[in-house]
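**Student:** Sequence:
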Amino acid sequence: FMECTQLTKVTVHNQSPLAICDGEIFSNRANATLYVPARSKKAYKAASIWKEFKGIVEAEHNSVYSYDLTAYLGVSTEMEINLENWDPFTAYQFDIVLPEGITLEKYTGGNSIKFTRGKRNTSNHNISVTDRGNNTYRVIGVSTKNNVISGNDGALLTVYLIANENMGKKTCQAEIKNVIMTTPEEKHANFDPTTVTITTKTLLLGDSNDDNNVNVTDLVATVNYILGRPSDKFNKTAADITKNHVVNIND
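With the numbering used here as the guide, the letters of the sequence shown map in order to residues 4 to 254.
Read the hints as simulated data drawn from the structure, not as lab findings. Glycine included, each C-beta is placed from N, C-alpha and C at the ideal position. Treat each hint with caution, since some may be false.
Unchecked claim - Straight-line Cα separation of at most 16 Å, EDC-like style, residue types lysine to aspartate or glutamate; simulated pairs:
no.	residue 1	residue 2
1	117	134
2	109	134
3	239	210
4	148	189
5	173	103
6	190	83
7	45	189
8	236	103
9	180	195
10	122	83
11	239	254
12	172	103
13	204	71
14	204	168
15	45	25
16	45	87
17	148	103
18	44	87
19	239	81
20	246	87
21	122	87
22	117	168
23	236	214
24	239	71
25	239	83
26	44	61
27	44	55
Stated by the list, open to error - Here are the simulated distance ranges between beta carbons:
no.	residue 1	residue 2	range
28	26	113	53 to 59 Å
29	89	137	29 to 35 Å
30	247	26	43 to 49 Å
31	216	12	41 to 47 Å
32	54	174	26 to 32 Å
33	89	172	35 to 41 Å
34	55	98	17 to 23 Å
35	222	45	35 to 41 Å
36	18	168	18 to 24 Å
37	198	51	39 to 45 Å
38	176	50	20 to 26 Å
All chains should be modelled from the sequences, with the hints used to inform the complete structure.
**Tutor:** What follows is the structure, encoded as structure tokens:
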């Protein structure tokens, strides 16, 4: 695609951007739009050459998903569950199936599963998370006023993983499956299951910049996060000294 001056649109199907070393490829990229798979825009915007396209557009897709994450042994780790949808829905139901050795955290002194609401849920949506056994958890969200879930992409809720301290360092997969979405007209849609890669490891508390050391640089990393300018390597779990899932001046 060198010297293709009339090129205005490029479509790729790779979830992760391929490395391009020659800057002459897609030489007209400053005037072209790049179309990428769902949930891959962030990676392309950070990749050399690809990020220089005039615009980057994600494919429209309906799914309930979570990003790959690191679960720290014996420490509560956030798992954000997101909904991407291009049709209006008022209610949802799905199962989170976790690998052996990882469970969802419960509220202190009770049997209820701990979670926090995401930005896409209003106070009119009631949410429940229940343990169905065999490391499977059922999530249900419904509006008492039949309100449509706002937006097109973002967090429905956050649950909290606890990885058994005896697991050691390993890579495993969780699954979000049996997804049923309901429209205001009482019609339902079944979404494809999605997988989440989970890497387990020991947490070095205080290692905010994730470089396997704790020093004054981690303090700078935490301050930058509080000021709204975190680095790509910022480790929120390691920075959360007080272990309350909030990073602020107390940490």
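**Student:** Compare the distance between the alpha carbons of residue 172 and residue 103 with 16 Å, and conclude whether the hinted pair is satisfied.
**Tutor:** Cα-Cα ~14 Å, so holds.
**Student:** For the hint 53 to 59 Å, verify it against the beta carbon of residue 26 and that of residue 113.
**Tutor:** Distance hint for residue 26, residue 113 holds at roughly 58 Å.
**Student:** Taking 35 to 41 Å as the hint, is the beta-carbon distance of residue 222 and residue 45 inside that range?
**Tutor:** 27 Å, violated
**Student:** Lying within 41 to 47 Å: is that true of the beta-carbon distance residue 216 to residue 12?
**Tutor:** Holds, since residue 216 and residue 12 (Cβ atoms, about 46 Å apart) stay within the stated range.
**Student:** Check the hint pairing residue 148 with residue 103 against an upper bound of 16 Å on the C-alpha distance.
**Tutor:** Violated: residue 148 and residue 103 sit about 38 Å apart, past 16 Å.
**Student:** Is it true that the CA of residue 236 sits at most 16 Å from the CA of residue 214?
**Tutor:** 9 Å, holds
**Student:** Check whether the Cα positions of residue 190 and residue 83 lie no farther apart than 16 Å.
**Tutor:** 26 Å, violated
**Student:** Assess, step by step, whether the Cα of residue 44 is no farther than 16 Å from the Cα of residue 87, and give holds or violated.
**Tutor:** 13 Å, holds
**Student:** Against the range 17 to 23 Å, how does the distance between the Cβ atoms of residue 55 and residue 98 compare: consistent or not?
**Tutor:** For residue 55 and residue 98 the Cβ distance comes to about 41 Å; the hint is violated.
**Student:** Just to be sure I understand the hint, the distance between the Cβ atoms of residue 198 and residue 51 should be within 39 to 45 Å; is that true here?
**Tutor:** Since the Cβ atoms of residue 198 and residue 51 sit about 28 Å apart, the hinted range of 39 to 45 Å is violated.
**Student:** Is the Cα-Cα distance between residue 204 and residue 71 16 Å or less?
**Tutor:** 14 Å, holds
**Student:** Given the hinted pair residue 45 and residue 87, is their Cα-Cα distance within 16 Å?
**Tutor:** Given that 16 Å is the threshold and the Cα spacing comes to 15 Å, the pair holds.
Hints 6, 7, 8, 15, 17, 20, 22, 34, 35, 36 and 37 from the list above are not met by this structure, while the remaining hints are.
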